[in-house]
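Trainee: Here is what each chain is made of, one letter per residue.
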Amino acid sequence: MDRPYVPHTSSSGAVGISGRVTPQIIGIMLRTKGWVRFIAVMLFINFGITIINLIVTMNAPSRFGGDAERIGQFIGIGVALLLYLYPAVKLNSYASRIGALLQSARTGDLEAALNEHRGFWRFVGIVTIILVSIFVLFIFIGMVAAVSRSSF
Amino acid sequence: MADNPYEAPSANLSGNETFAAHTGGVSQGVVEQLRRTKGWTRFISVMCFILGGLMLLGAIFGGTVLSNMDRSVRGLGDLVGVIMFIYGVMGVLQIIFGTKLGGFSSAVQRLMYSARESDLEDALDRQRSFWVFAGVLVLIGLIIAILGIFTVYSKFR
Chain A
1 MDRPYVPHTS
11 SSGAVGISGR
21 VTPQIIGIML
31 RTKGWVRFIA
41 VMLFINFGIT
51 IINLIVTMNA
61 PSRFGGDAER
71 IGQFIGIGVA
81 LLLYLYPAVK
91 LNSYASRIGA
101 LLQSARTGDL
111 EAALNEHRGF
121 WRFVGIVTII
131 LVSIFVLFIF
141 IGMVAAVSRS
151 SF
Chain B
1 MADNPYEAPS
11 ANLSGNETFA
21 AHTGGVSQGV
31 VEQLRRTKGW
41 TRFISVMCFI
51 LGGLMLLGAI
61 FGGTVLSNMD
71 RSVRGLGDLV
81 GVIMFIYGVM
91 GVLQIIFGTK
101 LGGFSSAVQR
111 LMYSARESDL
121 EDALDRQRSF
131 WVFAGVLVLI
141 GLIIAILGIF
151 TVYSKFR
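Residue numbers (our numbering), protein chains in the order written: chain A, 1 to 152; chain B, 1 to 157.
Isolated chain A, as found in the complex:
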């Protein structure tokens, strides 16, 4: 040891007081990074295809006419932005943070990577809650409609 007055660090700690991440964890994150980047790229491609598709349909002559179709297309762009772009950005950031962790092996970089990972799952959870709520709402509307029709 170069400096005799440095504080003791535990060798058993994965990401302990020393602020360093063990090679085992580095190895796991290294094997995670490629797949996460791949899925992020696929989401970006999906987003691009959706946007191109919408632009093509918007420039095509309207089949049904009216503003309702245009509004529907804008909603489609919004949904594509929501469902593809945000998770793609989060996963891409996660992969990049893992890249930084592989370079530095610092606890702070592992925390930053896990923060992006958490952000992705929080988004997926919120979207799932919204979709389930819409589904339940439609079932409720359907039941109300069925009951009111049978009562007449």
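Don't read these hints as lab results, they were simulated from the structure. Using N, Cα and C, we set each Cβ at its ideal position, and we do this for glycine too. Each hint should be verified, as a subset may be incorrect.
[What the hints assert, rightly or not] Partial selection, computed: residues in chain B whose CB lies under 10 Å from chain A:
#, residue
1, GLY39
2, THR64
3, ASN68
4, LEU142
[What the hints assert, rightly or not] Cβ-Cβ distance ranges computed for the label pairs, FRET-style:
#, chain 1, residue 1, chain 2, residue 2, range
5, A, ASP67, B, PHE133, 37 to 47 Å
6, B, THR99, A, GLY27, 16 to 26 Å
7, A, SER150, B, ARG110, 46 to 56 Å
Put chain B on the given structure of chain A with help from the hints.
Mentor: Structure of chain B alone, referenced to chain A:
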């Protein structure tokens, strides 16, 4: 021993601080990030189980209905049978997704109580396993899509 011997005694009610400070194990920041992820992954895991279970039930129920139909309707039933099979496979895949996410959530739960290196490795390895599975499925989907495009292109050329 605290630096200030005259300070008031305090209790660690959350239990979170115990990790790095006393065991020299996993840092509190890492555990905190995983703890905040755990609730969402558990929720998605449960949703995967529900959706996968419903899809499997639908496939089994649809298959049973088809097998009880008379032969004149079964010609159409072949196509529906293929759809039911795909439905069943998707249900199984949903359940595998749910199992992997649930395993990650449980590993994080263990890590929160133990703060041991092995539990952190287990949790991170489970999320790696999830991403590998998802990536392989995306890859298979991509190959099927490319093959489908080539097939359609060759038919209409």
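Trainee: Each of the hints needs a verdict: does it hold here or not?
Mentor: Against the structure, the hints:
With a least beta-carbon distance of about 8 Å to chain A, the hint placing GLY39 of chain B at the interface is held under the 10 Å criterion. Interface hint at THR64 of chain B: violated, since its Cβ lies 24 Å from the closest Cβ of chain A, which is beyond the 10 Å cut-off. Residue-level restraint check for ASN68 of chain B is violated (minimum Cβ-Cβ distance to chain A is 27 Å; threshold 10 Å). Given hint, LEU142 of chain B at the interface with chain A, holds; its Cβ is 7 Å from that chain's nearest Cβ, closer than 10 Å.
Taking the beta carbon of each, ASP67 of chain A and PHE133 of chain B are about 44 Å apart, inside 37 to 47 Å as hinted. In this structure the hint that THR99 of chain B and GLY27 of chain A lie 16 to 26 Å apart at CB holds, the actual value being about 24 Å. Take SER150 of chain A and ARG110 of chain B: their Cβ atoms lie about 52 Å apart, and the range 46 to 56 Å holds.
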